[in-house]
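Undergrad: Sequence:
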Amino acid sequence: MKFNDYTYERPDFDLFKKDFIHLIDQLKGASSVDEVKEAIDEVSALTSSLDTMATLASIRYSIDTKDDFYEQEDNYWNEYGPLYQELNTRYYRAIMESPYLEELKDSYPRTFIQNMQFELDSFDASVIELLQKENQLSSDYQKLIAAAEIEFDGKTLTLSQFGPYLQSTDRAVRKEASEAQLSYFEENEEKLDSIYNELVTVRDQIAKKLGYKDFVELGYVRMKRFDYDRDMVEVYRKQVLDYVVPVTKKLAKRQADRIGIKDLKHYDEALQFLDGNPTPQGDPDYIIENGRKMYHELSDETAEFIDFMFDKELVDLLSKEGKASGGYCTYIPDYKSPFIFANFNGTSGDIDVLTHEAGHAFQVYQSRWIKQPEIVFPTFETCEIHSMSMEFFTYPWMELFFKEQTDKYKFDHLSGAIRFLPYGVLVDHFQHEVYENPEWSPEERKACWRKLEKQYLPQRDYSESDFLDKGTYWFRQGHIFASPFYYIDYTLAQVCALQFWKRAIVDEDDKAWGDYMAICEAGGTKSFLETVDTANLRSPFEEGSLERVVKTIDDALAAVDDKAL
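All residue numbers for the sequence shown refer to the working numbering, where the first residue is 434 and numbers rise by one.
Hints may contain errors.
[To be verified] Straight-line distance between alpha carbons at most 20 Å, and here's what the computed PhoX-like set of lysine-lysine pairs gives:
(1) K884 with K671
(2) K887 with K682
(3) K588 with K566
(4) K576 with K566
(5) K576 with K499
(6) K576 with K753
(7) K576 with K843
(8) K996 with K843
(9) K566 with K642
(10) K499 with K756
(11) K887 with K903
(12) K884 with K698
[Claimed, not checked] Computed Cβ-Cβ distance ranges for the label pairs, DEER-style:
(13) E582 with D899: 20 to 26 Å
(14) E622 with E976: 40 to 46 Å
(15) H729 with R801: 39 to 45 Å
(16) V939 with G644: 44 to 50 Å
(17) E584 with K769: 41 to 47 Å
(18) D500 with D447: 24 to 30 Å
If you are wondering where the hints come from, they were derived from the structure by calculation, not from laboratory data.
From the three backbone atoms N, C-alpha and C, an ideal C-beta is built for every residue, glycine too.
Please construct the entire structure, taking both the sequences and the accompanying hints into account.
TA: As C-alpha cells, this is what we get:
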C-alpha cells in the first residue's frame with residue numbers, strides 16, 4: 434500500500450472519549466500489574482490510531498495548504514488537539530497514581546514514565562482554550578509563509594524557490610533576489626509581529642496558569658528535557674561564544690577572499706565559491722536513484738529502509754505552489770511508516786535533506802518495535818543526533834551526487850556545520866529573552882534580536898538593508914513561531930554528530946556505525962544524555978568537549994586549499 438492509499442477519517446471525539454475512559458477505568462480497577470499492562474497496551478493502540486489520523490491530516494495539509502478539505506481538518510485538530518491531550522493526562526494520572534507504579538517502572542523504559550510526568554506538568558484542562566489559540570496562531574504563521582508568491586526573473590516564486598538565486602555567482606542577482614524575498618516579510622511585518630505577539634502572550638498566560646514563573650520553565654518541560662536545565666544551556670551557549678564564534682569569523686573572512694569581495698554583505702553569505710556553490714549534478718529523479726544506491730551500499734538495514742520509503746512513496750520532495758515551507762520527518766503509527774517532507778530547490782540542500790530527514794526516518798524505522806507511541810521518537814535534541822550524524826555517515830557516497838564538486842561540497846558542508854552553531858544558539862538565546870520579558874513590544878524584541886545577532890554573528894553586515902538591520906531576520910525562522918525552544922536541540926546534536934564525523938570519517942573507527950545503529954534502535958527509550966553515553970560520545974555540556982571537537986574541525990578546514998576547490 435502506498436501513501437496516497439493510507440486512509441484518513443476524522444475521529445469522532447465523543448466515541449473516542451468513551452472508549453478511552455473505559456480503558457482508564459479498566460486500568461484503575463486492575464487487580465494485578467499484568468492487568469495494568471494489558472490496559473496500557475490497549476491505550477497505546479488506540480492512541481496510535483488517533484495519532485495516525487492527526488499525522489495524515491497534517492502531512493496532506495502541509496503538501497497543499499490550499500486544499501480546502503485538509504484546511505478544515507487542520508482547523509479540527511487545532512481545536513480538538515487539546516481535548517485529546519486532556520484525555521491523555523487522565524490516563525497518565527491513572528498510571529502515576531496506580532498502586533503498581535513501582536512494578537511498572539521495572540517493566541517499561543524510564544523515559545515512558547518520565548514522559549507521563551512531564552505531560553502532566555505541562556497541561557491542565559483550564560488552559561485548553563489557550564492551547565487551541567496557540568495551535569491556530571502557529572497555523573496562521575505557516576499559512577502566511579506558504580502563501581508567498583513573489584514575482585522574480587519572470588516567474589512566480591515561493592520563498593523556498595529563491596535558493597538558487599540567493600547562491601548566484603552574479604552579485605547583482607543575489608542582492609535583487611534577497612530584496613525580493615525580503616519584500617514579502619516587509620509587506621507582512623505587521624501580521625508577523627501580531628501573530629508572534631499573540632503567541633508570546635498566550636504562552637505566557639498558559640505558563641502562569643499552570644504555576645510556572647515564565648514560559649521558559651514550561652518550555653523546558655514541554656521539550657521533555659529530562660536531564661539538563663536552563664543553567665546548563667547557558668553554560669553551553671557561552672562555550673559557543675568562546676570557542677566557535679572565533680572560528681566562524683575566520684571562515685567568513687576566508688569566504689570573502691574566495692568570492693573576491695572586500696566587504697561581505699548579508700546577501701553574499703549564501704555564496705561560498707566564486708564559480709558557484711556545489712550543486713547536485715542531476716535532476717530530482719537522478720538524486721532519488723542515487724539515494725537508493727547510496728543507502729543500499731551503506732548497510733543492509735538502510736537498504737531495506739530506503740526501499741520501503743521509495744516503494745511506498747513516503748516522500749514528498751519537490752517545491753510547489755501552496756506547499757508549506759521547510760522540511761520534516763514524521764511517523765504514521767498504524768502503517769509503521771516514516772514520512773519525509775521537503776522542498777527541493779536545486780541546491781546542495783537537496784542532498785542534505787536526503788541525508789538529514791532520512792536520518793530521522795531511519796531512526797524511527799528502526800524503533801518501530803516500541804509499542805508505546807510516546808517513545809518511538811526520542812526527545813528532539815536526541816532525534817537530531819540521528820539526522821545530523823547521517824549527513825556525515827553518507828560522506829563516502831557524495832561523489833554520486835556532486836561528481837567533480839565533491840570536495841567542494843564536503844568543505845562547504847563541514848564548515849557549514851560549524852557556522853550553524855552560533856546561529857542556532859542565537860535563536861535559543863533570543864527566545865529565552867523574549868519569554869522572560871513577555872511584555873516587550875515588537876520593537877523591543879527586534880532590538881534584542883539585533884543585539885544578540887551582533888554577539889553571535891559579528892560578521893553579518895546589514896548596512897544595505899534597513900529592514901534586517903532593525904532585527905527582523907528571525908521572521909523566517911518557523912521554529913520560533915511554532916516550536917519554541919526547539920532550535921538549540923540542533924546545535925547540541927550537531928556537536929554530537931561532529932564527534933561521529935571524527936570517528937567515522939577521520940579516524941575510520943569501525944565501531945562508529947554500530948554505536949549509531951544502537952541509538953537508532955533505542956529510539957525514545959533513552960534520554961538525551963543516556964543516548965550520548967550509549968553512542969560513546971561526549972556530552973556537549975561537559976567542560977572542554979566543545980573546545981576539542983571545534984579545534985579538530987578548525988584544523989581540518991585550515992588544511993584545505995579552499996580557493997582551489
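Undergrad: All hints are to be evaluated individually against the structure, with a verdict given for each.
TA: Evaluation of the provided hints:
A hinted pair counts as satisfied when its Cα atoms are at most 20 Å apart, and K884 with K671 qualifies at roughly 16 Å. Proposed proximity of K887 and K682 is supported: the alpha carbons are some 12 Å apart, at most 20 Å. A hinted pair counts as satisfied when its Cα atoms are at most 20 Å apart, and K588 with K566 does not qualify at roughly 36 Å. Taking the CA atoms of K576 and K566, the gap is about 15 Å. The hint holds against a cut of 20 Å.
Annotation: proposed proximity of K576 to K499 holds, straight-line Cα distance about 9 Å (limit 20 Å). The suggested pairing of K576 with K753 holds, with an alpha-carbon distance near 14 Å, which does not exceed 20 Å. The hinted pair formed by K576 and K843 fails the criterion: a straight-line CA distance of about 35 Å is larger than 20 Å. Between K996 and K843, the direct Cα distance comes to roughly 14 Å. Compliance with the 20 Å bound is thereby established for this hinted pair.
With a C-alpha separation of about 15 Å, the suggested pair K566 and K642 falls inside the 20 Å cut-off, and the hint holds. Annotation: proposed proximity of K499 to K756 holds, straight-line Cα distance about 8 Å (limit 20 Å). With a C-alpha separation of about 12 Å, the suggested pair K887 and K903 falls inside the 20 Å cut-off, and the hint holds. Pair hint K884 plus K698 holds up; C-alpha atoms about 18 Å apart against a cutoff of 20 Å.
Separation of E582 from D899 is about 24 Å and conforms to the stated range, judged on CB atoms against 20 to 26 Å. Distance hint check for E622 and E976: the Cβ-Cβ separation is about 42 Å, which falls inside the suggested range of 40 to 46 Å. Look at H729 against R801: about 20 Å separates their beta carbons, and that is not inside 39 to 45 Å. With their beta carbons about 48 Å apart, V939 and G644 fall inside the hinted range of 44 to 50 Å.
Distance hint check for E584 and K769: the Cβ-Cβ separation is about 44 Å, which falls inside the suggested range of 41 to 47 Å. Evaluation of the 24 to 30 Å hint for D500 and D447 yields a pass: the beta carbon distance comes to about 26 Å.
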